[in-house]
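> Residue numbers (this note's numbering), protein chains in the order written: chain U, 47 to 427; chain H, 6 to 186.
Simulated from the structure, these hints should not be mistaken for lab results. Just so you know, these numbers come straight off a predicted model, no measurement behind them. Hints may be right or wrong, so weigh each one.
[What the hints assert, rightly or not] Pairwise CB distance ranges, derived in the manner of DEER restraints:
| no. | chain 1 | residue 1 | chain 2 | residue 2 | range |
| --- | --- | --- | --- | --- | --- |
| 1 | H | Arg50 | U | Gly397 | 50 to 58 Å |
| 2 | U | Gly348 | H | Arg50 | 46 to 54 Å |
| 3 | H | Glu183 | U | Pro78 | 46 to 54 Å |
| 4 | H | Ser94 | U | Gly303 | 56 to 64 Å |
| 5 | U | Gln427 | H | Asp72 | 24 to 32 Å |
| 6 | H | Glu62 | U | Gly397 | 43 to 51 Å |
| 7 | U | Asp324 | H | Pro110 | 35 to 43 Å |
| 8 | H | Ser94 | U | Glu235 | 58 to 66 Å |
| 9 | U | Glu87 | H | Arg50 | 18 to 26 Å |
| 10 | H | Asn128 | U | Lys243 | 56 to 64 Å |
| 11 | H | Pro110 | U | Asp316 | 41 to 49 Å |
| 12 | H | Gly36 | U | Pro78 | 34 to 42 Å |
[As the list claims (entries may be wrong)] For lysine to aspartate or glutamate, the following DMTMM-like pairs were computed, each having C-alpha atoms within a straight-line distance of at most 25 Å:
| no. | chain 1 | residue 1 | chain 2 | residue 2 |
| --- | --- | --- | --- | --- |
| 13 | U | Lys243 | U | Asp230 |
| 14 | H | Lys37 | U | Glu194 |
| 15 | H | Lys26 | U | Glu87 |
| 16 | H | Lys37 | U | Glu235 |
| 17 | H | Lys37 | U | Glu342 |
| 18 | H | Lys26 | U | Glu92 |
| 19 | H | Lys26 | U | Glu342 |
| 20 | U | Lys350 | U | Asp321 |
Where is the CB? At the ideal position from N, CA and C, for every residue including glycine.
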Amino acid sequence: MSTRQNLQNLQGNHACALAAIHAGCRFYAGYPITPSSEIAETMSAELPKVDGLFIQMEDEIASMGAIIGASAGGAKVMTATSGPGFSLKQENLGYAALTEIPSVIVNVMRGGPSTGMPTRPAQGDIMQARWGTHGDHPTIALTPWSVEEVYAETIRAFNLAELLRTPVIILFDEVIGHLVETVDLARFENPDITDRKWADGKIEGFRPYADPGDGVPAMARPGDGRRVHTTGLSHGEDGFPTQDAELVAQFMARLLGKIETHRKEIERVDIRSCDDADVVIVAYGITARAAYRAVETLRQRGVKAGLFRPVTLWPFPEDAFKKVAERARLVLVPEMNAGQLILEIERLVSGKTRVAGVNLYFGDPITPQQIVETAEAELKQ
Amino acid sequence: MSDFQIRLSGSGGQGLQLAAKILTGALLHEGKRVAQSTSYEPTSRGGLSRSDLVIGEDAVGYPLVTDLDCLLILDQVAVDGSLDVIRPSTLVLMDSERVTAAPTPDCRPVSLPLVQAARGIGNVRTANIIALSVLAELAGFCRTETLKQIIENRMPPRFVPLNLEALEAGIDMARSAEPPK
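Using the sequences plus the hints, can you model the full thing?
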């Protein structure tokens, strides 16, 4: 590995845009919204330099529609938004999931509900990221905790979207979006890039949604002569609408199953000081930065604490978490919402370990001190 | 936890974010690692605006401020917003015209006519650069020579002379000021 450094002061949103282009994104459609606007701003300046296309659409719904269309046309695509816009994108997000059109959607979380607090951080959209669009659907959501990780996870989001033909959501909060950090971009000089699997072989009798074995059908390159019907209606292998129970069952098993069978590629966790931990703190985004500082402080005070950080939030890295939680006396879940991930954590520990939350959702990030105090108070109980 | 923590606070429109941007550029130039966060209101003028920096020799762990080494208060609106992160050792630089009193007696306050000096060089908007210059000179977290280089290299050329004048005014003010406790 080279020891040469490429140090830059980069903002989280800026890093997201640059990484997207680095990953091959050549189409961005969006409607600027605080605190994600710098992503659109950077894309509008940088995409033309690489013969990409930036479109400011009339609204959030159209932005989501535009990236789906461009992706169906063969491009790697992205849009970025915040809570109110993320709500508006939900229907089309489900369409992308069902039609299996690769796309990357960034949600820089701000205070909600509704228009809420535009310039303040929150983590209130994580269940919306999982369940916001209707029906059972595959979801991948990534939650970076630093500017450098925004860069890395944005590249990974594109790779997963292309590998699995699915929308991938990048979730971070206003603090991470607007945070400027000194990052070393040298490690990203030659990132692994996954490109879409294109259909080849016989054109006659092409079945666009047939399972090639790994659950991910190859896409037909537009104009290559293959006939493809794309619909948000449930469809069989031929792509045409059906309500035949057997065909729909087959389709849904593949649609949901492709996520399960690729968990190894999708899941990423960061586990720190958990080997002997009595207290496991589960946190993501800026809250995980506070949690890790809290772990250090608790250790200095003699409390064996550790951090479990799901970089991949959805699908939740269940097995890795269960292993860590097994020996803990307390699992603490700080989040800038009224208690969302904690529900998943409670489900996974099934009453075997005590679970407590630290929930602040009034516009300020959770501090290390607040986490330390809650951990100590909970341990006394 | 040897990180050095700075907060530049005041009212939206006083150029605090720009001052922080110049400072982060200068610190990178000096080989330091920074984490800079912002907090502002959804208005283009007015309301509390602040920019925080955590400076480390190596990568910064927790990127938000917890115990300030230096605090700039350029407007009364920002006086109460930092009480939880001010320590007895915190150097608090205030504008003598726009801030009536230190947020707490338990700090090292310095009150100087920053805005008046900005008016003196012909543009009240340069108070941010004067303040940054005073703070850097008093606390020594960054050389004013490096700030000068960043202003020269990054600012639109027509604004460079004015801002260099502000930088010099800040250096003079810091050197003639009574040193903080």
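> Of the hints given before, which are not true for this structure?
8, 13 and 19
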